[in-house]
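With chain A held as given, fit chain B onto it using these hints.
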Amino acid sequence: MIPGAFEYYRPQSVPEAVSLLGTHGDDARVVAGGHSLIPMMKLRMADVPHLIDLQGLSDLSGISVEDGQVRLGALVTQSEIVSSDALAQAAPILRETAMLIADPQVRNMGTVGGNVANGDPGNDMPALMQCLDAEFDLVGPGGARAVKARDFYIAAYMTEREDDEILTGMRFAVQTGGWAYEKQKRKIGDYATAAAAVQLTKEGGKVATAAIAMTNLSDVPAFSEAAGAALIGTDCDDAAIKAAVDAMQGDIEPSEDNRGPVEFKRHVAGVMLSRAVKRAWSRA
Amino acid sequence: MTEITLTVNGEARTIEVDPRELLIHTLRERLNLTGAHIGCETSHCGACTVDLGGKSVKSCTVFAVQAEGAEITTIEGVATPEGMHVLQEMFREHHGLQCGFCTPGMITRAWRLLQDNPNPSEEEVRFGMSGNLCRCTGYQNIVKAVLAAADEMNAAKEAAQ
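Chains A and B, in that order, are what the protein sequence lines are.
Sequential numbering of the first sequence, starting at 1, is according to our numbering.
Sequential numbering of the second sequence, starting at 285, is according to our numbering.
Bound conformation, chain A alone (with noise of 0.2 Å):
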């Protein structure tokens, strides 16, 4: 499978990586991993020009925790998100979440940014990143501003980033409590069938705050506040979790596909929100 012919370009900054999305407009697109967008201009569903090769960017690479803040650059591959220590101490739901993408080759190029950028209902860290509240940094030709992970997905491959923008990271705070992050899918390699993602804090024996965020089972990443809401005040007892399911079944629209039928994927993102709040508890 050869894609078709492009112009191949390596900017040496983000000005002149903007200059260039600015100058061939639609025709180009950013790669940076290029473990989504390769496969699919082999598959010719891509068409790209223009391909701009992000690698020589060091602004956008990098994982740092200061000030109760982490910031990811968007090429952090995901190993290198498994291997981080400071992000295990920060945020350890991050590396239980990128262990369970792909295969290791796959995780060494594939990149955080590819992922939440491409808009894939598929991927794994847009939920997970409206589950931490992340905010994603955007660069264009206007100046840089900053989208909620909450505000950010329109439809499947459809962001709030513009063509001539460029995702350059992520931010979020440094988490505290219990996480989980609980995923179905049929072999390593594979999409997720249903998964859930879960970031809770405990008070006096009682649930303070929770996140839930839902993967694939949209087409867009799905954040239950009133999933997170029916934990709020609980003690995380049967009942609670399963007012949690329930609400959260509110906010997902499977679709079926040679995943299975609606009511199955109903089915295991139940069991998915389910074992991932237990999970949580008991950590936090």
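Derived from the structure by calculation, the hints contain no laboratory data.
Careful, some of the hints might be misleading.
Using 25 Å as the maximum straight-line C-alpha spacing, the simulated DSS-like pairs for lysine-lysine come out as follows [stated by the list, open to error]:
#	chain 1	residue 1	chain 2	residue 2
1	A	Lys242	A	Lys278
2	A	Lys187	B	Lys339
3	A	Lys278	A	Lys202
4	B	Lys428	A	Lys187
5	B	Lys339	B	Lys441
6	A	Lys148	A	Lys42
7	A	Lys185	A	Lys278
8	B	Lys428	A	Lys42
9	A	Lys242	A	Lys202
One-sided and incomplete, this derived list gives chain A residues near chain B with beta-carbon spacing under 8 Å [what the hints assert, rightly or not]:
#	residue
10	Tyr8
11	Val14
12	Pro15
13	Ile38
14	Met40
15	Gln55
16	Tyr157
17	Ala173
18	Val174
19	Gln175
Just so it is clear, the structure is predicted and the values come from calculations on it, not from any experiment.
Even glycine gets a Cβ: it sits at the ideal position worked out from N, Cα and C.
Coordinates of chain B only, in the frame set by chain A:
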């Protein structure tokens, strides 16, 4: 066409490539390194695994131009003039291959895995090799071969000290 320089198995190679050319094609067709295989072409099977800048990657999903300036090791660079690599010996010893199609990818991946983790558990080998598929389903002996190679390499290291 774009001129790129790659260091392949220790040797600098400057070649002209089409930007849309995948690294696996550059290696196989321009550099005549046909050890890495084209299997699924969809970044699932791992037959095309090579080492790029110290990391295992699937060379069917990397453009050669992206690898400009990088160091690459293919299965051809794993053996030495003195003989086969311990991993190759152990794959033979433990029947770690049947049809052999996945073997270059398996060994190139295991070669990096054992550098990252010289003393892996069986579970770590299975997880670390999970990006490589064997359609003969010969996984038991592949895992045995990798674990045996780790033991041999560790024993050789100890003997050398």
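**Item:** Agreement of hint proline 15 of chain A with chain B interface, Cβ distance less than 8 Å
**Value:** 22 Å, violated
**Prompt:** Are the Cα positions of lysine 242 of chain A and lysine 278 of chain A separated by 25 Å at most?
**Reply:** Roughly 11 Å separates the two Cα atoms, so the pair holds.
**Distance restraint between lysine 428 of chain B and lysine 42 of chain A, which requires alpha-carbon spacing of 25 Å or less** = 36 Å, violated
**Prompt:** Are the Cα positions of lysine 148 of chain A and lysine 42 of chain A separated by 25 Å at most?
**Reply:** 32 Å, violated
**Prompt:** Is it true that the CA of lysine 339 of chain B sits at most 25 Å from the CA of lysine 441 of chain B?
**Reply:** Measuring from Cα to Cα gives roughly 23 Å; hence the hint holds.
**Prompt:** Against chain B, is alanine 173 of chain A within 8 Å by beta-carbon distance?
**Reply:** Constraint on alanine 173 of chain A not satisfied, violated at 30 Å.
**Request:** Quickly compare the C-alpha distance for lysine 278 of chain A and lysine 202 of chain A to 25 Å and report which way the hint goes.
**Result:** 13 Å, holds
**Prompt:** Given isoleucine 38 of chain A as an interface hint, is the shortest Cβ-Cβ distance to chain B below 8 Å?
**Reply:** With Cβ-Cβ at 5 Å, under 8 Å, it holds.
**Prompt:** How about tyrosine 8 of chain A: closest beta carbon in chain B under 8 Å, or not?
**Reply:** 4 Å, holds
**Prompt:** If you take the shortest Cβ to Cβ gap from glutamine 55 of chain A to chain B, is it below 8 Å?
**Reply:** 7 Å, holds
**Asked** Given the hint that lysine 185 of chain A pairs with lysine 278 of chain A, does the C-alpha gap stay at or below 25 Å?
**Response** 20 Å, holds
**Closest C-beta approach of glutamine 175 of chain A to chain B relative to 8 Å, hint status** = The hint is violated - glutamine 175 of chain A has no Cβ within 8 Å of chain B, the shortest such distance being about 25 Å.
The structure is inconsistent with the numbered hints 6, 8, 11, 12, 14, 16, 17, 18, 19, although it conforms to all the rest.
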